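These are the residues of each chain, in order.
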Amino acid sequence: MQLVVNIAVLASIYALISCGYVLIYRVSRVLSLAHGELMMLGAYGLVTTASLFAAQPGVAVAAAGLLAAATGALVYWVLMRRMTGEAVLAAVLATIALGILLRGAMVLIWSAQVQHPARMLGFDNPVVALPGGARLSTISLLLVGMNALVYLALWWFLTRTRYGIAMRAAGQNPRLAAQRGINLHAVYALAWGIAVFTGGLTGILIACDAGLDATMATIGLKAFPAALVGGLDSLVGALCGAVIVATAEVLLIHYVDPLLSDVVPFLVLTAMLIVRPWGLFGSREELDRV
Amino acid sequence: MNVAVPLLQVDAIEVAYHRVMTAVQGVSLQVGAGQLVALMGTNGAGKTTVLRAISGFLGLDDARVTAGSIRFMGESIENLAPHRVTALGIALVPERDKVFDNLTVAENLEAAATPRRADRAALLEMVHAQFPRLAQLAKREAGYLSGGERQMLAIGSALMCAPKLLLVDELSQGLAPLIVQELIHKLLALRDQLGLTILLVEQNARVALDAADHGYVIENGRIVLDGDAAKLGEHQDIREFYLGQGGAERKNYRDVKQYKRSRRWYG
Amino acid sequence: MTRHALKPLVGATLAAISLCSGGFASAQDAYLIGVSGAMTGSAAATYAPVVESMRAYIDHINSKGGINGRQVKLVISDNQGEASKAAADAKKLLTQDKVLMLVNASLSSTYAPMVAEAKRANVPVFYAGAVCPKETYPPADPLQFCSTAFGAQYDSQMALATVKEMAKEPVRIGFSAMAIPLSRGEIDYAEGLSKTMGMTPVDKQIVPPPTPDYTPFATKLKDANPNWVYSWAPWVTQVRTLESLRRLGWNGRYIAYAHLNAEDELARLKDNEFYVFGTNAFFQDNLPIQAELRAVMHRAKLNYPITQLSEGYIAGLVLEAALKGAGWPTTAAKVQASMSNLKVDTKGLRGGPIEWTRDNHFRTKQHYRVYKWDTSKGAITRVKDWTAVEVK
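Chains as they are written, first to last, in the working numbering: chain A, 1 to 290; chain B, 1 to 267; chain C, 1 to 392.
Isolated chain A, as found in the complex (with noise of 0.2 Å):
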């Protein structure tokens, strides 16, 4: 019970991650490798905004997500959108260009302490017991809840709603969006704000958990073949690549050997890429040679 306890909440955390990915791929055809870096940012901004707010913890949380979204869209409007008709590695290299700028701005902002931003807004995270003998703490089960949140409501975006239509239009097929009078530039800022919220929610999540430091722009990096082993431009993809990796891993930690964890997201990840390399439900289009 307690493994399955621990694979839900590990794969909630790369879901959670991936969706960021997908949905930026997805509108816009480029991947954000700067992700992990802008997840750890959402994190740092619950810092700031906790020591300003520190006696309203809710509002230190909803501060920090509104940053992050505006973060997300002000990427776009300040450097992505200048890449929009340049090759797509252009547009990649830009976002890796992206992340190694915002590692060094964050420690010379925050310096190279490990930060506890629960702690500064005053949450003990108890430990909640489960049915069956399994335990995991509140933010885990937060977690938990907050992925299934944040796909249903995306789900419920992007299929019922205009903008959301509008969004999967304009990725499919940006020339007639444009020319059915959806702008462009709007729908890509809009997708970038709500992927670096979904990442920055993760970060702030994972920072109330177990604390924030450098390292976490490299768990962004490990959620990345979760991400395109449901396929690129696929949510439900993302979600089950989540799962597929996230047992992988638990599953081989505690049967076989610990040390395999750091490899096993890329042996699934590769596997896959020799079976059906367009992932589990991407779209079957032209690979690019990136």
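These are computed hints drawn from the structure, not numbers from a lab.
This structure is a prediction, so every number in the text was calculated from the model and none was measured.
A virtual CB, placed ideally from N, CA and C, is assigned to each residue, including glycine.
Some hints could be false.
Stated by the list, open to error - Label-pair ranges, simulated between beta-carbon atoms: (1) C:29 <-> A:96: 39 to 47 Å; (2) A:56 <-> C:298: 27 to 35 Å; (3) C:169 <-> A:275: 31 to 39 Å; (4) A:259 <-> C:391: 29 to 37 Å; (5) A:93 <-> C:165: 52 to 60 Å; (6) A:123 <-> C:165: 31 to 39 Å; (7) C:270 <-> A:130: 22 to 30 Å; (8) B:138 <-> A:77: 29 to 37 Å; (9) A:77 <-> B:19: 25 to 33 Å; (10) C:251 <-> B:101: 55 to 63 Å; (11) C:84 <-> A:275: 18 to 26 Å; (12) C:376 <-> A:78: 49 to 57 Å; (13) C:29 <-> B:19: 56 to 64 Å; (14) A:273 <-> C:391: 48 to 56 Å.
Claimed, not checked - If you want the ones that stay clear, here's a sample from chain C, every Cβ over 10 Å from chain A, calculated: (15) 76; (16) 135; (17) 188; (18) 192; (19) 195; (20) 236; (21) 289; (22) 294; (23) 331; (24) 376.
Claimed, not checked - Just some of the chain C residues that point at chain A, by a computed CB distance under 8 Å: (25) 40; (26) 216; (27) 217; (28) 240; (29) 249; (30) 251; (31) 252.
Place chains B and C on chain A using the hints.
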């Protein structure tokens, strides 16, 4: 029919791709309000480029209107972004990729952006009234539609943008003649009922000239002929090279001289 | 151009070149010390405070007139914990700046390239805050020196000795390490050592560095049912293994090495069965030297909590002593000779002086204390006072 200021005025435009390839040169045409104007020409003549120049280029195309002007209702619109042009009242039904394949019919109609001045619910009702098939097919993915249904959806979603001018690129391509007739009648009905102005690009000159009020012929990036549709139908070169009616008797292929007659567009 | 005009022009050019390459204090006037550390990057939390506090101490010394009447100039480079950058730093510091000593405050992966460059230039390498490699243990490599608190093998000997002392029943011991060479090696050593001491090693978890969730590892560890767990790794692995174990409901006793932030962390975790052993005195002891440290750091306006700055301060004390012994004017060889016969009074920051000899560039005696949080008192208590371990 001849209005003082035409709805659309294209003056000697020149369009260049990748800054080096000139696709269209010195093209001028006019579309009066309430008219159906045809733009004819063979493959690669520049028809689609003219339509794209009017409806706006995307950054992806790496193309620009490098000379001349395009005025819609008196306003200059050359090199505007496509979604801005659509907001002004021009909608394009493209030749290829005319619908969002992975969205349902209903979602296709939903995705189109209606300008604030228009009533979305009324527009949707009008589209369903004009194309009842679309209401029946609401939940079908657009990629699975037949050619005729797809064209209907394309026109329908363009109408959702409440255009004053509808640009249609290759209406008849890949469609059975009966369906084409149906669609032509629909376009004419839209013109009569809604006062919609239509610029129709067509390779099939018969279809174009039957429906249009006025016509232009474009070849190798230049307009070579224009005039009243009826008059154009009588023009010798048009009859021979576009309508397949050159000469009364059957020709012998051994009579090579025939094919040496070049198009001169003099009368 | 006439020959008359040429000479002064050449002379002016040469003068200009020499002025530009000198910087503030030219190489003739100050002790030039090169520092290559992980100032940014994922390891920065451990190493940046060391470099900053060392620099603050040196600035303080300089403001009081320097050493042997000369200023000390630290040329600091950021290697981000990467070997390639460390190699580039070393090359630049040795050939361009011509430093007398290279200070390494970074991950062990940066050691080899730096040492290679240093050997070529015959310049000593001083590990400050960076884990001491076995080349500094007797018999020591003539060019490598280390003042860093923790030491492989001696740490585990101390930890397990403490466990044995405090155990009330037969010990079933679990281990936790990070998947990096030194941590793994030490835990493997500890596992073997525990058997010779009559303990039963039940499980060993090796966790890869960037892990989002430690629970799966902790689950396996808990299932082996240890009553003690020992972890020797960067702080993040030590503390997150503990936190995950506690969340799973494990109530045994945990012992780990007291890194820079141990004092703050004990107060944060408030875990009654969490023991840390280390070589640096905690700031709650309120020693005079710590008050001095506070004053120096306050003047330097450092962004770190005071409790993390002992290591850098100690490195500064060692650097001061080494340069004092090297005299003026000096060479790298004289600095090395001074370091090979050094005794530094840590004034209570450590359990005893740091003594370097020709064969021992670590220290002759390693002193440890053991601390833990006492929930009944609501404060950190000292469980065991300075215990010396001979370094042979």
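To see whether the hints hold, each was checked on the structure:
Checked against the hint of 39 to 47 Å, the pair residue 29 of chain C and residue 96 of chain A passes, with Cβ atoms roughly 43 Å apart. Between residue 56 of chain A and residue 298 of chain C the beta carbon distance is about 31 Å. The supplied range of 27 to 35 Å therefore holds. A hinted range of 31 to 39 Å is violated for the C-beta pair residue 169 of chain C and residue 275 of chain A, which are about 53 Å apart. Range check, residue 259 of chain A to residue 391 of chain C: Cβ separation about 32 Å, and the 29 to 37 Å hint holds.
One distance hint, 52 to 60 Å for the beta-carbon pair residue 93 of chain A and residue 165 of chain C, holds here, with the actual separation near 58 Å. At roughly 37 Å, the beta-carbon separation of residue 123 of chain A and residue 165 of chain C lies within the given 31 to 39 Å, and the hint holds. In this structure the hint that residue 270 of chain C and residue 130 of chain A lie 22 to 30 Å apart at CB holds, the actual value being about 25 Å. The hinted window of 29 to 37 Å between residue 138 of chain B and residue 77 of chain A holds, with their beta carbons roughly 36 Å apart.
The supplied range of 25 to 33 Å is met by residue 77 of chain A and residue 19 of chain B, whose beta-carbon atoms lie about 27 Å from each other. The hinted range of 55 to 63 Å is satisfied by residue 251 of chain C and residue 101 of chain B, whose Cβ atoms lie roughly 60 Å apart. The hint said 18 to 26 Å for the Cβ distance between residue 84 of chain C and residue 275 of chain A, and at roughly 36 Å that hint is violated. Checked against the hint of 49 to 57 Å, the C-beta distance between residue 376 of chain C and residue 78 of chain A comes to roughly 56 Å, which is consistent with it.
Between residue 29 of chain C and residue 19 of chain B the beta carbons are some 60 Å apart, a value that agrees with the proposed interval 56 to 64 Å. Look at residue 273 of chain A against residue 391 of chain C: about 52 Å separates their beta carbons, and that is inside 48 to 56 Å. The Cβ of residue 76 of chain C lies farther than 10 Å from every Cβ of chain A, with a closest approach of about 15 Å, so its non-interface assignment holds. For residue 135 of chain C, the requirement that its beta carbon stay farther than 10 Å from each beta carbon of chain A is met, with the minimum near 27 Å.
Under the 10 Å C-beta cut-off, the non-interface status given to residue 188 of chain C relative to chain A holds; the minimum distance is some 13 Å. Its beta-carbon lying about 19 Å from the closest one in chain A, residue 192 of chain C satisfies the requirement of being farther than 10 Å from that chain. Every C-beta of chain A lies more than 10 Å from that of residue 195 of chain C, the closest at about 21 Å, which supports listing it as non-interface. Not every Cβ of chain A is farther than 10 Å from the Cβ of residue 236 of chain C; the closest lies at roughly 6 Å, contradicting the non-interface assignment.
Separation of residue 289 of chain C from chain A is adequate, the least Cβ-Cβ distance of about 23 Å exceeding the 10 Å criterion. Remark: the non-interface label on residue 294 of chain C is consistent with the geometry, its nearest Cβ contact in chain A lying 18 Å away (cut-off 10 Å). Here residue 331 of chain C stays apart from chain A, with its beta-carbon at least about 35 Å from theirs, past the 10 Å limit. Residue-level check passed: residue 376 of chain C sits 20 Å from the nearest beta carbon of chain A, beyond 10 Å.
Checking residue 40 of chain C against chain A: minimum C-beta separation of about 4 Å stays under 8 Å; hint holds. Satisfaction of the interface hint for residue 216 of chain C is found here, the shortest Cβ-Cβ separation to chain A being roughly 5 Å, below the 8 Å cut-off. Taking 8 Å as the C-beta cut-off, the interface hint given for residue 217 of chain C holds, the closest approach to chain A being about 6 Å. Evaluation of the residue 240 of chain C hint against chain A yields a held restraint, the C-beta minimum of about 6 Å falling below 8 Å.
The restraint placing residue 249 of chain C at the interface with chain A holds, with a minimum CB-CB distance near 5 Å, inside the 8 Å limit. Violation of the interface hint for residue 251 of chain C is found here, the shortest Cβ-Cβ separation to chain A being roughly 12 Å, above the 8 Å cut-off. Checking residue 252 of chain C against chain A: minimum C-beta separation of about 15 Å lies over 8 Å; hint violated.
Going through the hint list in order, the structure does not satisfy hints 3, 11, 20, 30, 31.
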